[in-house]
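Peer 1: Residue numbers (numbering that gives the first Met the number 0), protein chains in the order written: chain A, 0 to 100; chain B, 0 to 301.
Rather than coming from a laboratory, the hints here were simulated on the basis of the structure. Check each hint, because a few of them may be wrong.
[What the hints assert, rightly or not] Here are some of the chain B residues that sit facing chain A, going by a computed Cβ distance under 8 Å:
1. LEU76
2. MET217
3. SER219
4. VAL221
5. ASN232
6. LEU246
[Claimed, not checked] Here's a subset of chain A near chain B, in silico, CB distances under 10 Å, partners left out:
7. ILE14
8. THR18
9. ASN21
10. SER24
11. LEU33
12. LEU37
13. SER53
14. GLY54
15. LEU55
16. ARG74
17. VAL76
18. ARG79
19. GLU81
20. GLU87
21. THR89
22. GLN92
Note that beta-carbon positions come from the ideal geometry of N, C-alpha and C, so glycine has one too.
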Amino acid sequence: MKIENLGTSLTISEIPELTAVNSASFRDQVSAVLPAELGVIEIDLSSTRFVDSSGLGALFALYRATAQRNGVVLRIVNPRPEIRQLLELTQMQQLFEIVQR
Amino acid sequence: MKTLLICPSYRFALPQLVEHGPLAIAPILGECVASHWIEYLAGLGATHVQIVAADRADQVRATLGDGARWGVRLEVLAVSVEPTLAEATARYRPTGEAGWLPAPHEIVFMNHLPGCEGVPLFSSYATWFAALLAWMPRAMTPARIRVSEISPEIWVGRRAHISPTAQLIAPCWIGDQVFIEPGAIVGPGAIIEDRSVIENEARVVHSWVGPDTFVGPMTSVVSSLAWGRTLTNWRTDSALQVPDPFLMCSLSSAALTPAFEPFDRRTRATATRPLTSWLPSWPASIPRPAPSNPPVSSASSL
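Just chain A, with the same shape it has in the complex (with noise of 0.2 Å):
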């Protein structure tokens, strides 16, 4: 997993898969960077394979995480079909922008 901290950016990528067995490493990585002043955070996920509900669960917490700061825009970028799927399937597509590329 690649994290790159831009100031007030930070964009995720190179995220194999988002499962049971990386979701909490992935929930600590990020949490750990989160910069104090923060405008953006792309996930990038068009290399992302499978996603599960702990995997969604990582996404959520990440959410969760920035809700109180005004003005985040968390987005979702290039996911797969399927994986767009199933966004859509938990309504993940309301908390998160999801574009592609």
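Chain A is fixed; fit chain B onto it per the hints.
Peer 2: Relative to the frame of chain A, chain B by itself:
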């Protein structure tokens, strides 16, 4: 009067549907494609129905039986390749033989539902879903005594259980022995096939839920075909095997572990609840959109 039905064989456009069984016995509003045709042709006076099946003919035969249910003699003929209409005519309809239904019902290719020639069933998931919606008002034939129209364009199976706090939005079809749990929103454009369970606060909009399918609490099935643990978006053809059974799974005996088998379907659905109890509060905290059409709340048990 004789008639011949040609079953569609494998269709590459519909892999998730074909994996469940031959398309001729794919479930549509509580019956299968072939059943709708046999009932229709029996109504036109057919007494002997031959069915040509190139895909899993044994399953077609086992599902349809001998035709006594429709008052006809039914034969399923296994072939290796799906014949065209012309090939079937040449092979099975001797020139000048009397006793056949008049055209176009002497030989029928089941690539659409009766009276819906303009809506092909098996071209894509989108056309499959469009054909089901078009068929919904026609499906209430006199023989369908287990389903009633409780409100305009809302059909409900007589043994369905619908929570008083669930919302049914027309048009929608709730099959027999379906459970719609509190706070669920079904419709518009929703078809829930027999013996499925739509859990608390779940949404099913512009979608088809196959038979024996559990749709978990707080989930949102939109523009999709959901059958067992397979979720297919009919707009994009994208398909997902849902990873966690508390989100969506099959309730059929074949899909369950032996430990579940002695229990009935409601018990199986209830048994999935402990699986959901550990969930974080995220589904409940997601705002729910308001329904676009006026809802109809139903009685608790119909």
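Peer 1: May I ask which of the numbered hints given earlier this structure violates, with the numbers listed in increasing order?
Peer 2: Result: hints 1, 7, 9, 10, 11, 12, 16, 17 break, sorted rising.
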